[in-house]
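Undergrad: Chains D and Z are the protein sequences, given in the same order.
Heads up: the first sequence begins at 2 in this note's numbering, then just goes up one per residue.
Heads up: the second sequence begins at -19 in this note's numbering, then just goes up one per residue.
Each hint should be verified, as a subset may be incorrect.
Distance ranges between label pairs, derived from CB positions [stated by the list, open to error]:
{"id": "1", "chain 1": "Z", "residue 1": "PRO62", "chain 2": "D", "residue 2": "GLU2", "range": "21 to 31 Å"}
{"id": "2", "chain 1": "Z", "residue 1": "ARG38", "chain 2": "D", "residue 2": "VAL55", "range": "13 to 23 Å"}
{"id": "3", "chain 1": "Z", "residue 1": "TYR8", "chain 2": "D", "residue 2": "VAL53", "range": "43 to 53 Å"}
{"id": "4", "chain 1": "D", "residue 1": "ASN74", "chain 2": "Z", "residue 2": "GLU34", "range": "28 to 38 Å"}
{"id": "5", "chain 1": "Z", "residue 1": "GLY(-4)", "chain 2": "D", "residue 2": "GLU63", "range": "39 to 49 Å"}
{"id": "6", "chain 1": "D", "residue 1": "ILE13", "chain 2": "Z", "residue 2": "LEU50", "range": "40 to 50 Å"}
{"id": "7", "chain 1": "Z", "residue 1": "VAL25", "chain 2": "D", "residue 2": "ASN8", "range": "12 to 22 Å"}
{"id": "8", "chain 1": "Z", "residue 1": "LEU50", "chain 2": "D", "residue 2": "GLY41", "range": "22 to 32 Å"}
Away from chain Z, derived, C-beta distances all over 10 Å, residues of chain D [as the list claims (entries may be wrong)]:
{"id": "9", "residue": "THR16"}
{"id": "10", "residue": "THR21"}
{"id": "11", "residue": "ASN27"}
{"id": "12", "residue": "ARG45"}
{"id": "13", "residue": "GLY64"}
{"id": "14", "residue": "ARG73"}
{"id": "15", "residue": "GLU102"}
{"id": "16", "residue": "LEU103"}
Lysine-lysine pairs mimicking DSSO-like chemistry, simulated, CA-CA at most 30 Å apart [claimed, not checked]:
{"id": "17", "chain 1": "Z", "residue 1": "LYS37", "chain 2": "Z", "residue 2": "LYS51"}
{"id": "18", "chain 1": "D", "residue 1": "LYS58", "chain 2": "Z", "residue 2": "LYS(-17)"}
{"id": "19", "chain 1": "Z", "residue 1": "LYS(-17)", "chain 2": "D", "residue 2": "LYS66"}
{"id": "20", "chain 1": "Z", "residue 1": "LYS(-17)", "chain 2": "Z", "residue 2": "LYS37"}
{"id": "21", "chain 1": "Z", "residue 1": "LYS(-3)", "chain 2": "Z", "residue 2": "LYS35"}
{"id": "22", "chain 1": "D", "residue 1": "LYS58", "chain 2": "D", "residue 2": "LYS18"}
{"id": "23", "chain 1": "Z", "residue 1": "LYS(-3)", "chain 2": "Z", "residue 2": "LYS43"}
{"id": "24", "chain 1": "Z", "residue 1": "LYS37", "chain 2": "Z", "residue 2": "LYS(-3)"}
{"id": "25", "chain 1": "Z", "residue 1": "LYS(-3)", "chain 2": "D", "residue 2": "LYS58"}
Everything labelled a hint here was simulated from the structure, so no lab data went into it.
These numbers were taken from a predicted model, which means no experiment stands behind them.
Think of the CB as a built atom: it goes at the ideal place given N, C-alpha and C, for glycine as much as any other residue.
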Amino acid sequence: EAQVTQNPRYLITVTGKKLTVTCSQNMNHEYMSWYRQDPGLGLRQIYYSMNVEVTDKGDVPEGYKVSRKEKRNFPLILESPSPNQTSLYFCASSSGQGAGELFFGEGSRLTVL
Amino acid sequence: SQKIEQNSEALNIQEGKTATLTCNYTNYSPAYLQWYRQDPGRGPVFLLLIRENEKEKRKERLKVTFDTTLKQSLFHITASQPADSATYLCALDNNYGQNFVFGPGTRLSVLP
């Protein structure tokens, strides 16, 4: 079954404690992306990757890091989380061929105290 | 500045009627526009895509129009059912598949 898998689905952490949200896709997609979703603000892109070792900033990259060492994985790293990073995070992938549809994971709800 | 608006935060309609959702954008020149459905606590799911040179696209009970002059897309669900209740998002491709920008969404409730 084609899918994008995120872990953890739910996480409560404290300010400053580094955390990583993993994302894996099994569709051999070249394009992967991270979004955060906040009430009233919609989905906003954090980072995206066009292929292995190719990443670029989206609209709200501050406080986040990513890496793309393998085609299937695209982890999101919060080096020093702050309360304003409390949000619902989605990973998405696409074939990357221009008009390709995005396939989303189920989301990771993060709370930073 | 660039902006995407969807007609209303919430829309209630009676079962069997046609739901019409609006997506307006300013200061974008998208090559295409997509519509997604999102259920509570779930990731968005792709529904339809329409290109800038297409006026209308259909898929079963769904219809999308795209007017690049008005900078607007309309999303119609005909013969609506309670199962169609969800949040619907429009998305523009801002950079040839690299930067998808989403609207805030419209929460549709179809009342039995």
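Undergrad: Please verify whether Z:LYS(-3) and Z:LYS43 have alpha carbons no more than 30 Å apart.
TA: holds (14 Å)
Undergrad: Per the stated criterion, does the least C-beta distance between D:THR16 and chain Z lie above 10 Å, as a non-interface residue requires?
TA: holds (25 Å)
Undergrad: The hint says 13 to 23 Å between Z:ARG38 and D:VAL55; measuring C-beta to C-beta, is that right?
TA: Violated, since Z:ARG38 and D:VAL55 (Cβ atoms, about 36 Å apart) do not stay within the stated range.
Undergrad: Could you check the hint for me, namely that Z:VAL25 and D:ASN8 are 12 to 22 Å apart, CB to CB?
TA: For D:ASN8 against Z:VAL25, whose Cβ atoms are near 20 Å apart, the range 12 to 22 Å holds.
Undergrad: Take a quick look at whether D:LYS58 and D:LYS18 sit within 30 Å of each other, Cα to Cα.
TA: Since the Cα atoms of D:LYS58 and D:LYS18 sit roughly 23 Å apart, the hinted pair holds (cutoff 30 Å).
Undergrad: Take a quick look at whether Z:LYS37 and Z:LYS51 sit within 30 Å of each other, Cα to Cα.
TA: Holds - the C-alpha atoms of Z:LYS51 and Z:LYS37 are around 16 Å apart, at most 30 Å.
Undergrad: Confirm or reject the statement that D:GLY64 sits farther than 10 Å, beta carbon to beta carbon, from all of chain Z.
TA: The claim stands: D:GLY64 keeps its Cβ more than 10 Å from every Cβ of chain Z (closest is about 19 Å).
Undergrad: Kindly confirm whether 28 to 38 Å is satisfied by the beta carbon distance between D:ASN74 and Z:GLU34.
TA: holds (35 Å)
Undergrad: Take a look at whether the Cβ-Cβ distance between Z:PRO62 and D:GLU2 falls inside 21 to 31 Å.
TA: For D:GLU2 against Z:PRO62, whose Cβ atoms are near 27 Å apart, the range 21 to 31 Å holds.
Undergrad: Say whether it holds or is violated: D:ARG73 keeps its Cβ farther than 10 Å from all Cβ of chain Z.
TA: Holds: least Cβ distance 17 Å, greater than 10 Å.
Undergrad: For the pair supplied as a hint, Z:LYS(-3) and D:LYS58, confirm whether the alpha-carbon distance does not exceed 30 Å.
TA: violated (42 Å)
Undergrad: Can we confirm that no CB of chain Z comes within 10 Å of the CB of D:LEU103?
TA: violated (6 Å)
Of the numbered hints given earlier, the model fails hints 2, 3, 12, 15, 16, 25; all others are met.
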